[in-house]
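Engineer: The residues making up each chain are set out below.
Number of protein chains: 2
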Amino acid sequence: MDIEYLKPDDIEKRSMEIIEMEMRTNPPKKNKEVIKRVIHATADFDYEHNILFSDGAVEEALKTLKEGAVIVTDTNMALAGINKKILTKHGCEAVCYMADPEIAEQAKLRGVTRAIVSMEKAAKLKRPTIFVIGNAPTALIRLNELIESKEVAPRLVIGIPVGFVNVVESKEMLIRAEVPYITSTGRKGGSTVAAAVCNALLYML
Amino acid sequence: MDIEYLKPDDIEKRSMEIIEMEMRTNPPKKNKEVIKRVIHATADFDYEHNILFSDGAVEEALKTLKEGAVIVTDTNMALAGINKKILTKHGCEAVCYMADPEIAEQAKLRGVTRAIVSMEKAAKLKRPTIFVIGNAPTALIRLNELIESKEVAPRLVIGIPVGFVNVVESKEMLIRAEVPYITSTGRKGGSTVAAAVCNALLYML
Numbered sequence: 007m008d009i010e011y012l013k014p015d016d017i018e019k020r021s022m023e024i025i026e027m028e029m030r031t032n033p034p035k036k037n038k039e040v041i042k043r044v045i046h047a048t049a050d051f052d053y054e055h056n057i058l059f060s061d062g063a064v065e066e067a068l069k070t071l072k073e074g075a076v077i078v079t080d081t082n083m084a085l086a087g088i089n090k091k092i093l094t095k096h097g098c099e100a101v102c103y104m105a106d107p108e109i110a111e112q113a114k115l116r117g118v119t120r121a122i123v124s125m126e127k128a129a130k131l132k133r134p135t136i137f138v139i140g141n142a143p144t145a146l147i148r149l150n151e152l153i154e155s156k157e158v159a160p161r162l163v164i165g166i167p168v169g170f171v172n173v174v175e176s177k178e179m180l181i182r183a184e185v186p187y188i189t190s191t192g193r194k195g196g197s198t199v200a201a202a203v204c205n206a207l208l209y210m211l
Numbered sequence: 007m008d009i010e011y012l013k014p015d016d017i018e019k020r021s022m023e024i025i026e027m028e029m030r031t032n033p034p035k036k037n038k039e040v041i042k043r044v045i046h047a048t049a050d051f052d053y054e055h056n057i058l059f060s061d062g063a064v065e066e067a068l069k070t071l072k073e074g075a076v077i078v079t080d081t082n083m084a085l086a087g088i089n090k091k092i093l094t095k096h097g098c099e100a101v102c103y104m105a106d107p108e109i110a111e112q113a114k115l116r117g118v119t120r121a122i123v124s125m126e127k128a129a130k131l132k133r134p135t136i137f138v139i140g141n142a143p144t145a146l147i148r149l150n151e152l153i154e155s156k157e158v159a160p161r162l163v164i165g166i167p168v169g170f171v172n173v174v175e176s177k178e179m180l181i182r183a184e185v186p187y188i189t190s191t192g193r194k195g196g197s198t199v200a201a202a203v204c205n206a207l208l209y210m211l
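In order, the protein sequences belong to chains A and B. If you count the first sequence from 1, you need to add 6 to reach my numbering. If you count the second sequence from 1, you need to add 6 to reach my numbering.
Okay, chain A solo, but in the shape it has when bound (with noise of 0.2 angstroms):
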């Protein structure tokens, strides 16, 4: 065992430093520093090659994080992620309607997922909203048919779901929507690599 004794700085430098060796692609400056958050976030390469922007997709999100955004999470565990300090500086906020009492009441009544139920009410926001969807394929199918009938229209979609049941799908259904996104394909995702996503951006500022 030979444990080096680092800075907190140091560590997260030479972390990044071995990433950037081991990669294996070369993608477009500010993309690649999104990569790189996500594999530092899972230590999984498959990111490498999972992980989809739209065109201008990071620039938008860097000019809508710059009027002051509001993030709409799918769990309070990304939302718990999520870089605060870097995100209040800037006038923006994050929320997630997951564990609202009213919530989980509307859901159960209608017989669908919490998810869906806190993407309705986020699409009712007023302000410049990104979307971080890192659990629920629900909410993503969700939000891709309210941007479908006009009723939202998000500057960004960062929707990487994880899991077996729709998952791929949803992300397919985002990939033709007429939207700004960050995506990843197949099963991977999840609230880790979408919180990570959206430090990365935070990051970028």
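No lab work stands behind these hints: they were computed from the structure. Fair warning: there could be bad hints in the mix.
The list cannot tell twin chains apart, which means a pair is met if one copy fits it or any two copies do.
Claimed, not checked - Okay, derived cross-link-like pairs now, SDA-like style, lysine to any residue, Cα gap no bigger than 20 angstroms in a straight line:
1) K114 <-> I92
2) K90 <-> Y103
3) K42 <-> G192
4) K13 <-> A105
If you're wondering where the values come from, they're calculated on a predicted model, not measured in any experiment.
Mind docking chain B on chain A? Use the hints.
Structural biologist: Structure of chain B alone, referenced to chain A:
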């Protein structure tokens, strides 16, 4: 595209069936429940081979949770991912000291990570404790040292940090420590994985 409209409970049931079908190993029943829950949270079948348990780790965990344990996490993200409803029902609680102002202050003063300082604080708890480390190898290294010097005797350590610097070493150190553990080999892990392990245990209660 072929979206199946399933009810929330059925989505989870179907997912678990798919995981069960695609798994290529057949670990002991209780360990398998944990592994399936991790694959459910990551869609990464590497964990089928990566997750390691000390003998009787799951049984020890269940016993401890029934006594009313404190679960200590190294990130607010892992904390957010743990099922509080079941936790509270069994008289357990979960804490994370990372965001405490005095932790940040002491870490800065000593030039160490906040994760280290928060482990030292948690080591002073007087109740049966389960540590859940999904992010910071520095937290796991410090915890291993505290176990070695008999300053703390956790009932279980879920030690699954992710990353590139000292992560593998911190897990090898845990495997050698005299403490029940659930860990993962290699670089992979994360808050999602650690929370999934924790929830798998809670669902078994």
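Engineer: With reference to the structure, classify each hint as holding or not holding.
Structural biologist: Hints versus structure:
1. K114 <-> I92: between (36 angstroms within a copy, 19 angstroms between copies)
2. K90 <-> Y103: Answer is both: 17 angstroms inside a copy and 17 angstroms across each meet the 20 angstroms cutoff.
3. K42 <-> G192: both (19 angstroms within a copy, 18 angstroms between copies)
4. K13 <-> A105: For K13 and A105, the Cα distance is within 20 angstroms only across copies (19 angstroms; inside one copy 37 angstroms).
No hint from the list above goes unmet by this structure.
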